[in-house]
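*Asks:* Letter by letter, the chains look like this.
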Amino acid sequence: MELVGLNKETVNQISEIKQEADWIKEYRLRSYEAFEKIENPAFGPKLNIDFSKIIYYKNNEQEDKIKDSWDDIDTEIVDELDNLGVLESECHLDGIGVQYESEVIYHNMIEELKKKDIIFTSIEVAMKEYPELVKKYFGKIVSNSENKYAALNGSVFSGGSFIYVPPHTKLDRPLQSYFRINSRNMGQFERTLIIVDHDSELHYIEGCTAPNYSESSLHAAVVEIYVGKNSKCRYSTIQNWAQNVNNLVTKRALVEENGTMEWIDGNIGSNITMKYPCCILKGDKSNGTCITISVATNKQEQDTGARMIHLGKNTRSTIISKSIAKNGGNATYRGKVDIKKNATNSTSLVKCDTLILDNISKSDTVPTNICNNTSSSIEHEATVSKISEEKLFYLMSRGIDKERATELIILGFLEKFREELPMEYAVELNQLLKRNL
Amino acid sequence: MNLVIKDLNVVTKDQEKEILKDFSLEILPGKIHTIMGPNGTGKSTLSKIIMGSSDYEVKEGDILYNGKSILPLTVDERSRLGIFLAMQSPISIEGVTNSEFLRTALNERREQPIGIYQFMKDMEQGMKDLKMDSSMMHRSINKDFSGGERKKNEILQLKLLKPELIILDELDSGLDVDSLKIVCDNIQEYRKENPTCSLLIITHYTKILDYLIPDYVHIMKNGKIRKTGPLDLAKQIENCGFNYTEDVSELVTNE
Ligand SMILES: Nc1ncnc2c1ncn2[C@@H]1O[C@H](COP(=O)(O)OP(=O)(O)OP(=O)(O)O)[C@@H](O)[C@H]1O
Ligand SMILES: [Mg+2]
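Those sequence lines, one after another, are chains A and B. Under our numbering, the first residue of the first sequence is numbered 1, with each subsequent residue one higher. Under our numbering, the first residue of the second sequence is numbered 438, with each subsequent residue one higher.
Rather than coming from a laboratory, the hints here were simulated on the basis of the structure. Please note that a few of the clues may not be correct.
[Said to hold, decoys possible] Mimicking DMTMM-like on lysine to aspartate or glutamate, the simulated pairs with C-alpha atoms at most 25 Å apart in a straight line are:
1. A:Lys402 to B:Glu545
2. B:Lys496 to A:Glu36
3. A:Lys170 to A:Glu419
4. B:Lys450 to A:Glu403
5. A:Lys391 to B:Glu586
6. A:Lys386 to B:Glu494
7. A:Lys391 to B:Glu453
8. B:Lys644 to B:Glu630
9. A:Lys416 to B:Glu531
10. B:Lys629 to B:Asp581
11. A:Lys8 to A:Glu36
12. B:Lys450 to A:Glu36
13. A:Lys391 to B:Glu494
14. A:Lys386 to B:Glu630
15. A:Lys402 to B:Glu531
16. B:Lys505 to A:Asp401
17. A:Lys416 to B:Asp581
18. B:Lys450 to A:Glu390
19. B:Lys454 to A:Glu390
20. B:Lys599 to A:Glu390
21. A:Lys391 to B:Glu514
Predicted model, so just to flag it, every value in this text is computed and none were measured.
With the rest of the complex left out, here is chain A:
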């Protein structure tokens, strides 16, 4: 079935399809009210979204259960996912979940994790099976009135991952979720909640694609992450949406004492992206890192960056942003570091580098740095450069043709990001860049 257009009735219908608890339904309705009130962001790219044309929910009625074997899934979809490399990537992971349109269709993880009491499932299943756990964190890290698209997500969310890592637990390999949009005008509104309890560690990877249609699609996700005391969470993603998808995502982590949150965030696809992964450094000695790259070509607008809110004492944050603009693309860094009054002895380093490949492309750096105590400091560096003729000459003088030499220089520019990726993804990134630049 398919729900097109947005009103209170759509919200109710989604809630009914999911047969969910009242508190969730109420949450949806409150979110919808907020959505109606809140305007589009006053900053960044001009958003022109016709909310009446979007499909807010789409599923396969015969298949309403999440499978843990590919054999049980429609072969057409399996082939499609296989072509995208999803099945192959499973062997490098401890667990994988796949969402197709609005619903999670596949979920599997290795036995050891089940023994360790790690939970990795869809948000809907979690809401039914672990209601108390979900209720404690859901909507507490990102509020449903945060911005228009967080509110939209709150009202129509469907799918997304739920992960719980119990105390003193480390995973050897990453968990991954894969999101696929396949229909025209599709809106995907997954909702991810990750809880890394104290003294634990998780690496989570998110992947996504969609075919290119002339009608635009919308991806408005919300990701909430709780990083407990002495814990570490790394969230890596390379978004490669087709260039007709508007990607408006709210991602936020709350970090407790001595915890570490790392966002590794690549933006290559999509039409307009607005995404500023955030760390709320609540606990003393907590750390936040965000390494982002964005590549804007053709009419793409990548409005990305990071936010670091320092509340605890002795907190540290690092933002490294690398943008590339080509062929009339616009890659803008928009970030905020806010060191509050009580966050004494804290430091933040912000480094933004931009590479502009021609004269018709644009890039901007819009940093907001606020430091409200005298024992803390924010360091900010920004550079804008072109592909240097001198570097090209050097590489070419060793027999490397211009195209390949340019590619090497671009990959070099992105090295700080590339080296943070697992091997398979670094290779995939190289290929993506080759295709897009």
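Given chain A, put chain B with the ligands in place with the hints provided.
*Replies:* Coordinates of chain B with the ligands only, in the frame set by chain A:
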């Protein structure tokens, strides 16, 4: 390899400055040629022109490599033809490792890409020959390399890329006495294995010429070769400076 430079007139790209004026020079197969000349006379410019740099424009004249003009060729094509320029100040490129770079460069001139094992072996051997630290393989090209390390890195590339014409632009600057010897020994070794390979050495000092004994010494001034002679000429320059040549330049014709 034979290189003929004929009546070359070269200006900067912005047409503001004339650097080479009616410059002619022939580099003979298997021979070592040296160019000496005051600062700013156009020696590095000459080397970059041969390599095909787009910072300059050739107004007149021609450069023939084994009888064929290379002026229409791009920088990378000239490299693959067999020209190698060890630069006066090699730049650094962040994020591109030495090994990634060299493997790409090697593969661009091969039909079949080189196997990773073979490549590592060749590269390690080359670094050992040059007494380079093997960790440099995985570092960004010349990033945080000392002056001497950069020069050695140029010669490492040379050893792997196997050129037919080697231009050394002030290779000796930045190398300590021991390193200079090591590097020159490596070049001599390479020449022995490739007897038709020619060498053009741009230098201010004769020390390097003790190891790489030139067949011809050319004195360049104001964008032109003023005098050509044997090794002695280089020694005279080192002792008496370039004014000495100016005096006699009218009397001695170019070869
Ligand atoms: N791209 C350029 N634009 C403007 N002037 C240039 C350019 N390249 C070289 N020149 C000038 O041309 C002259 C020749 O420079 P070049 O580097 O060839 O000298 P050189 O003989 O190698 O000197 P040195 O012995 O100091 O290395 C110098 O005066 C230099 O300033
Ligand atoms: Mg010079």
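*Asks:* Hints first: check each against the structure and report whether it holds.
*Replies:* Now for the hints, and whether the structure bears them out:
1. For the suggested pair A:Lys402 and B:Glu545, the alpha carbons sit about 12 Å apart, so the restraint of at most 25 Å is met.
2. At roughly 68 Å between alpha-carbon atoms, B:Lys496 and A:Glu36 are farther apart than 25 Å, so this suggested pair is violated.
3. Between A:Lys170 and A:Glu419 the CA atoms are separated by roughly 22 Å; this keeps the pair inside 25 Å, and the hint holds.
4. Under the criterion of a C-alpha separation no larger than 25 Å, the hint pairing B:Lys450 with A:Glu403 is consistent with the structure, at around 22 Å.
5. A C-alpha spacing of about 18 Å is found between A:Lys391 and B:Glu586, which places the hinted pair at or below 25 Å, so the restraint holds.
6. The straight-line distance between the Cα atoms of A:Lys386 and B:Glu494 is roughly 22 Å, inside the 25 Å bound, and the hint therefore holds.
7. For a cut-off of 25 Å, the pair hint linking A:Lys391 to B:Glu453 stands: about 23 Å separates their Cα positions.
8. With a C-alpha separation of about 24 Å, the suggested pair B:Lys644 and B:Glu630 falls inside the 25 Å cut-off, and the hint holds.
9. Between the alpha carbons of A:Lys416 and B:Glu531 the distance comes to roughly 10 Å, so the proposed pair stays at or under 25 Å and holds.
10. At roughly 33 Å between alpha-carbon atoms, B:Lys629 and B:Asp581 are farther apart than 25 Å, so this suggested pair is violated.
11. Only pairs whose Cα atoms come within 25 Å are accepted, and A:Lys8 paired with A:Glu36 is accepted, the gap being roughly 10 Å.
12. Restraint check for B:Lys450 and A:Glu36: not satisfied, since their Cα atoms lie roughly 60 Å apart, outside the 25 Å limit.
13. For the suggested pair A:Lys391 and B:Glu494, the alpha carbons sit about 19 Å apart, so the restraint of at most 25 Å is met.
14. A distance of roughly 41 Å separates the Cα atoms of A:Lys386 and B:Glu630; the hinted pair therefore is violated under the 25 Å criterion.
15. About 18 Å separates the Cα atoms of A:Lys402 and B:Glu531, which keeps this hinted pair within 25 Å; it holds.
16. For the hint pairing B:Lys505 with A:Asp401, the CA-to-CA distance comes to about 21 Å; that is within 25 Å, so the pair holds.
17. Restraint check: the Cα-Cα separation between A:Lys416 and B:Asp581 comes to about 17 Å, which is no more than 25 Å; the hinted pair holds.
18. For the suggested pair B:Lys450 and A:Glu390, the alpha carbons sit about 14 Å apart, so the restraint of at most 25 Å is met.
19. With a CA separation close to 19 Å, the supplied pair B:Lys454 and A:Glu390 stays within the 25 Å bound.
20. The straight-line distance between the Cα atoms of B:Lys599 and A:Glu390 is roughly 23 Å, inside the 25 Å bound, and the hint therefore holds.
21. Note on A:Lys391 and B:Glu514: the hinted pairing holds, with a Cα-Cα distance of about 17 Å set against a maximum of 25 Å.
Hints 2, 10, 12 and 14 from the earlier list are contradicted by this structure; the remaining hints agree with it.
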